[in-house]
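J.: Take the given structure of chain A and dock chain B to it, following the hints.
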Amino acid sequence: MGVLSIFILSKAGGLIYHKDFGFGLKKLNNSNDYLVIAGTFHSVHALTTRVNPLNTHSSGLLTMEMETCTLHCLQTLTGLKFVVVTDNNQSNVSVVSSTIYEIYSDYVMKNPFYTLDMPIRCHKFDRALNQYISTVE
Amino acid sequence: MIYSLYIFDRHSDCIFRREWHKDSGKKAGINDDMSKLIFGICLSLRNIARNLTDSDSFLTYSTSQYKTHYYETPSNLKLVLFTDLLTVSLVNELRQIYETLYVEYVVKNPLQTTEVKTIDNIMFSMGVDALIQSLPGYA
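In order, the protein sequence lines correspond to chains A and B. Here the working numbering is used: position 11 in the first sequence is 12, and no number is missing along the way. Here the working numbering is used: position 99 in the second sequence is 122, and no number is missing along the way.
By construction, these hints were calculated from the structure, which means they are not laboratory data. Worth double-checking, as some hints may not be accurate.
As the list claims (entries may be wrong) - DMTMM-like, lysine to aspartate or glutamate: derived pairs with alpha carbons at most 20 Å apart:
no., chain 1, residue 1, chain 2, residue 2
1, A, K20, A, D107
2, A, K20, A, D88
3, A, K125, A, D21
4, B, K59, B, E95
5, B, K59, B, E42
6, B, K45, B, D56
7, B, K140, B, D56
8, B, K59, B, D32
9, A, K20, B, D77
10, A, K27, B, D77
11, A, K28, B, D77
12, A, K125, A, D107
13, B, K131, B, D143
14, A, K27, B, D79
15, A, K28, B, D79
Pulled out of the complex, with its shape left as it was, chain A reads as follows (with noise of 0.2 Å):
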């Protein structure tokens, strides 16, 4: 199982879709603690952008490597953050992450009752990610 989790957050920082996948993360036992998760990556992310050795400019977080797992940040032009942990052997996450942000374009984004920054609950964008993911090796 290559992917093991999935975070969507909107370009204010919040939280808009998480799903697990497998069991090789810790489940929190706290819905909240998965927001203030979100939170603090958002603004690591923008920290990330701020402290470069370089003086050049730079993208926010890519990727972050764990001993177990790495987490991935897809940030599109819109704000929108696609986060995606996986395994240290996963290869291709960027088309993953991609791919995943297609999904919603067609089944979240395409859905006239969703309305922008709410949290997704959308079935058939539910139905075409664990589709998707299932492929994914």
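T.: For chain B alone, coordinates are given in the frame of chain A:
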């Protein structure tokens, strides 16, 4: 290419800072206020890593321009190293700095007070220079 090393004590103060290749860039990109930002980034990422996994901290993070290596000792001393993107994980080297240099020259120094304010120990800084410059990714 290795850019800089920061050491923070358990009171979150920066007690040691060293930069290499200062002239190759335009200016040194990191000043005093930056060390507080660096500390904040590392602490927050460590907490995220602790929440998501069973490990104690993260190992490295990278942006499009630089990579940061992080090692924390059980006594909450934090070592942060900035390198370019091509460098492989140097967490073991950071542990080596702690084990063979910090413990030997700072902790075992009889003139050192128990609370280290800043490391102004020439043996330590020379040792760090020698170790970092001997790494294959230094230049």
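J.: Tell me the numbers of any earlier hints that the structure contravenes, in ascending order.
T.: Result: no hint breaks.
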